[in-house]
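Engineer: Following full-length UniProt numbering, the numbering of the sequence shown begins with 1 at its first residue and continues without gaps.
Each hint should be verified, as a subset may be incorrect.
[As the list claims (entries may be wrong)] For lysine-lysine, the following DSSO-like pairs were computed, each having C-alpha atoms within a straight-line distance of at most 27 Å: (1) Lys52 <-> Lys17; (2) Lys2 <-> Lys52; (3) Lys17 <-> Lys2; (4) Lys17 <-> Lys41.
In case anyone wonders, no lab produced these hints; they're calculated from the structure.
Owing to the predicted nature of the structure, the values given are computational and were not obtained by experimental measurement.
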Amino acid sequence: MKLYRYLTGPDDVSFCKRVSAALNRGWQLQGDPTLTFDPAKGRVICGQAIVKEVEGEWNDEVVLSDH
1 MKLYRYLTGP DDVSFCKRVS AALNRGWQLQ GDPTLTFDPA KGRVICGQAI
51 VKEVEGEWND EVVLSDH
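With the sequences and hints as input, model every part of the structure.
Structural biologist: Structure (structure tokens):
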């Protein structure tokens, strides 16, 4: 099955750490990164979709952080 996640980070450093950690666990980048302005907090939020192919079938017991 193919798993999809969308990573975000409140700043460049934390965002890059999350993406690097996911890549080290076998996830792959999917599409272009995004930048979204949060007017309530007055900052830009970085985002990136990632995917990973794993064995098995989807069910409600699948926990993305286990992969």
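Engineer: Can you confirm whether the C-alpha distance between lysine 17 and lysine 41 stays at or below 27 Å?
Structural biologist: holds, 21 Å
Engineer: For the pair supplied as a hint, lysine 2 and lysine 52, is the alpha-carbon distance within the 27 Å limit?
Structural biologist: holds, 6 Å
Engineer: Going straight from one Cα to the other, do lysine 52 and lysine 17 come out at no more than 27 Å?
Structural biologist: holds, 18 Å
Engineer: Against the 27 Å threshold, does the CA-CA distance of lysine 17 and lysine 2 hold or violate the hint?
Structural biologist: Given that 27 Å is the threshold and the Cα spacing comes to 23 Å, the pair holds.
Against the hints set out earlier in the document, no violation occurs for any number.
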